[in-house]
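J.: As given, the protein sequences belong to chains Z and P, one line each in that order.
Okay, so the first sequence: first residue is 1 according to full-length UniProt numbering, each after it adds one.
Okay, so the second sequence: first residue is 1 according to full-length UniProt numbering, each after it adds one.
The set of hints was computed from the structure by calculation and includes no laboratory data.
A quick note: this is a predicted structure, and the numbers were derived from the prediction, not measured.
Where a beta carbon is used, it is the ideal one built from N, C-alpha and C, also for glycine.
Among the hints, erroneous ones may be present.
[Unchecked claim] Below are the SDA-like pairs computed for lysine to any residue, each with C-alpha atoms no more than 25 Å apart in a straight line:
#: 1; chain 1: P; residue 1: K242; chain 2: P; residue 2: R391
#: 2; chain 1: Z; residue 1: K124; chain 2: P; residue 2: L400
#: 3; chain 1: Z; residue 1: K124; chain 2: P; residue 2: G614
#: 4; chain 1: Z; residue 1: K124; chain 2: P; residue 2: G576
#: 5; chain 1: P; residue 1: K446; chain 2: P; residue 2: P750
#: 6; chain 1: P; residue 1: K242; chain 2: P; residue 2: V715
#: 7; chain 1: P; residue 1: K242; chain 2: P; residue 2: G527
#: 8; chain 1: Z; residue 1: K124; chain 2: P; residue 2: D48
#: 9; chain 1: P; residue 1: K446; chain 2: P; residue 2: R391
#: 10; chain 1: Z; residue 1: K124; chain 2: P; residue 2: P750
#: 11; chain 1: Z; residue 1: K124; chain 2: P; residue 2: A221
[Unchecked claim] Covered by chain P, per the in silico footprint, the following chain Z stretches (three or more residues, Cβ under 8 Å):
#: 12; segment: 70-80
#: 13; segment: 104-114
#: 14; segment: 175-186
[Unchecked claim] Computed, partial: chain P to chain Z, Cβ under 7 Å:
#: 15; residue: R391
#: 16; residue: A394
#: 17; residue: L396
#: 18; residue: M692
#: 19; residue: P694
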Amino acid sequence: MTAPVIELREVSRRYGEGPPALDAVSLTVRAGEAVAVVGPSGSGKSTLLNLVAGLDRPDGGSVTVDGVRVDGLGEAAAARHRRDRIGMVFQFFNLLDDLTVTDNVVLPAQLAGMARPEAFRRAKELLEVLGVDRHADALPGRLSGGERQRVAVARALMNRPPLLLADEPTGALDSASGQEVAGLLAQLHAEGQTVVVVTHDLALARACTTRTVRLVDGRVAADGATEGTGGTTEGTDGAAAGAGADGATTAARADGSGSGSAVERTR
Amino acid sequence: MSALSRVVRSGVGRRRVPGVVIGLATMMAVAASLLGGTLLAASGAPFDDAFRRAHGAHLSVQFDAARVDAGQVRASARAADAVAFAGPFRTATVTPRTDDGTPGWPMTVAGRARPGGGADRVTLTNGRWVARPGEIVLSADSALLPVLGMRLDFPGLPDGPEVEVVGVARSVTGTADAWVVPAQMQALTGGGAGGYQMHYRFADADTGAGTEARIAAGRRAVTAGAGAGAVTGERSWLTVRKAVERDTALYVPFLLAFGLLGLVMSVLVVGNVVAAAVGTATRRIGILKAVGFTPSQVVRAYVAQALAPAAVGTLLGVLVGHLLAVPVLAETAEVHGGTALAVTPWIDAVVIGGALGLVAVTAWAGAWRAGRLRTVDALALGGAARPGRGRAVAQLAGRLPLTRPVTLGLARPFARPGRALAMGTAIVFGSAAVTFTLGLGASLGKVLEAKAHDVADVVVEAPPAELGPHGPKPREEPVADPADVAAVVAARPGTARHYSSVKARATVAGTAGVTEVVAFTGDASWGGYTMVDGRWIAGPGEAVVPTGFLSTTGTRLGDTVTLNGLGEPVTVRVVGEVLDTRNDGMEVFTDAATLTGAPLDPAETTQHIEVTSGTDAASYAAQLDEALAPLGVTARADGDDRDSSMALTLGALSATLTLMLVLVAGLGVLNGVVLDTRERVRELGVYKALGMTPRQTITTVVASVLVTGLAAGGVGVPLGLRLHGAIVPAMGRGAGLRLPASVLDVYAAPQLAALGLGGLVIAVLGALLPAGWAARARTAVALRAE
């Protein structure tokens, strides 16, 4: 069994006087897993993601990512935590409109103080792997939604994070582009990238994850293999997860956006 | 509460920073304008009141009694077409001595049976009017401290006349230093002819543009009627009025400048704040309109949002303006018996109405867009992000060899040029004000320096006499001959050059009060006398005088002036104009050889010494002091700091106003940065999600004002220089001074460079607070919004 990348112990978060957004949630995600966090609006999915990313702090419990307690980090330490361990992909891409694709992608490396030539070399490599290198000097506004999300993924992978967090990554895309991005995530998982996807979209969950955590009213209502993938529940043998991943990889190849060997180069 | 007022109240509550900025800017503008306006209008008021009450003389003329008789003088009133007149009164210049032996200064005495009359009614402030020979009424402004019952004698006059002080009075235009009954004048002229004085009032000479011309015409008529050489002096009430206004006139140009700066700043700040409020609240406007607000209601809501803080600022500004006016006006008011509380209602009304009107108009212009915005567009616009501008610059900045957080910020002004311009303009005014104020301080310092004439390293003078009840007591031991002292100084090793100066007092025909005569032995041209025009004295019979002397006596360079009270009348030719404010500029600098017949007091003699380079002035002074001890004089190294309350007040006032302007500029930046970070919340959230630390966030936000701050400093400093070049000479004119270039050239290149960076400092200080807020803000939510 691989080491845990995310460990939540009795985590609670409450905003104001309302019911808790998260209520004593415990959850472990191990290295190499691809987990979908699903649930209706207001179930606490995004709160969970923000706590793991260190964008928010829990009111109770502990959040450990890659062996580091995140819940007690100060602002600066939390920023370094995100920079070093987390890659984030958002529903609306959150690319900076007035920076070129390359400038967007190198940003995390530049914030981390990586040498300029090295950063640009890596960005070029990532853009090639993700099939958007021809847009390297374009502004994000010129790209299609799917392409933009690929650029966002490239940016998320820039600092080689052990954990990729995706928040509704296909929510703003048409179905073809959505499939494309799902295939990409599946590919990354197949190469060993730990992925957590927050989504409404069960098709996305099926396409790129092997385990689904269902949140309802801030509690874990279900945690098991993603339906239709033959995936495993938490703690099951990691080898079994490979089956689902293979299927996803096939889907990714089908749209011709990359090859298995190319994705390896993202690591 | 109506729906409209509820919207306004919630709007004001939500916008604390813009509210404070509007309030402060308005307060500053109102306080400075009000103070300037009040001084402008009220500085002459106490004098005007007193002049009206006393039927003051529009023109007073002094005649030589040896050339005209009383009848001719009286006839001049008709010739000049005067509506009222007083005189002729006999006059004489006498030097009194008090009963405890204190020698007095020369003064003009007029023989006058009654204080009243058709013109120049003398106001008794204490005691009674003279009734018989042997009595005298002293002017409250006389150099002699007026004490009732004090006896005066006149050692220079035959028969030793004696008088007793029975009253204290004041002529509003200062026509004499003392009054006696006409019968006494025979004794006071001491056998000489003395003079006559005559006071005229003209129709329509109190106000209006024709005043000066009317007085000039009267003067011509009087002079023509009396014959050549008969008129020895004259004084127009306008000259007196100008001198009275001089104290406050000094403040007016720079207060008006600050008032103007403040008003422009208010307009700028209000315009910017309202436009930004409308820009960032289009969604709110859309909602207001969707629930049924009419366009005019929306406009009114925004205008009211700007007017509420502006009204508070105006109120505070009125308060501050009046409080500041009290000490400045108190002096003039006191002298003329007016009231010190100088509230001029119409000025208050104009300033208040003007400031609020300006704010309303600016706000209305800004809010007009909101009123006209179509509801559907407003609702749609509110959520959408505007397309970014300045991409080329952003990419260019990205190539700079600087850390990414810095380059991300640097390009920001180009994305929002309008906002950067507004912030920049606020900084321009702030740095212009700082530049101007520092220059003003330096110029004032130079004026004071020129006034002090303390270039000498060491001065030698007689120790000050002990003070008695009526001034200094007579000395028990005589002071040594200045020539002996000079000989000791010249023989001393370490003496580079030296000169001596001696002070004497004289009167100038036609002007009351004492003119100080400073006579030099040796070359005094290096003594710190700042020439405005002409040249320094080259020999006996020549004199240089301050600007004030020229304007008061109506003389010009090249003219000759006769000084009385120096034993015999002394005539000098004015060859130079010098910068000096002592004694209201009534000074004459000449060579000692000019005053051969004058009884000069050795105790009034000062030796000014420059030591050779490498000689320590303090030890030189100590040794010289020892050597001079037998001669009864002392030597000291000259390093006294001389303060002037006028300079202090000006300094404090301009520093306060500058501080307010800088504060407003800083708050303008703060407001702009707050708006900017609010607008960029998603962008900043992205940065944070990608691992930007709080320190890097602060760097990015602060870097976003660097270009603006630098550019604004670059514009503000030249503007401040221009302001200085325009305002300081105007202040000089107000104070009756002509300022030479040396007083105006006060900026050094390194200083200017540092001032240029001042804009950067204002920008960074203004940006730091919102940068901290941006660094701490939780941005997770913004990342989820489109």
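J.: Run through the hints listed earlier and report the numbers of any the structure violates, in increasing order.
T.: When the structure is compared with the hints, numbers 1, 3, 4, 6, 7, 8, 9, 10, 11, 14 and 17 turn out to be violated.
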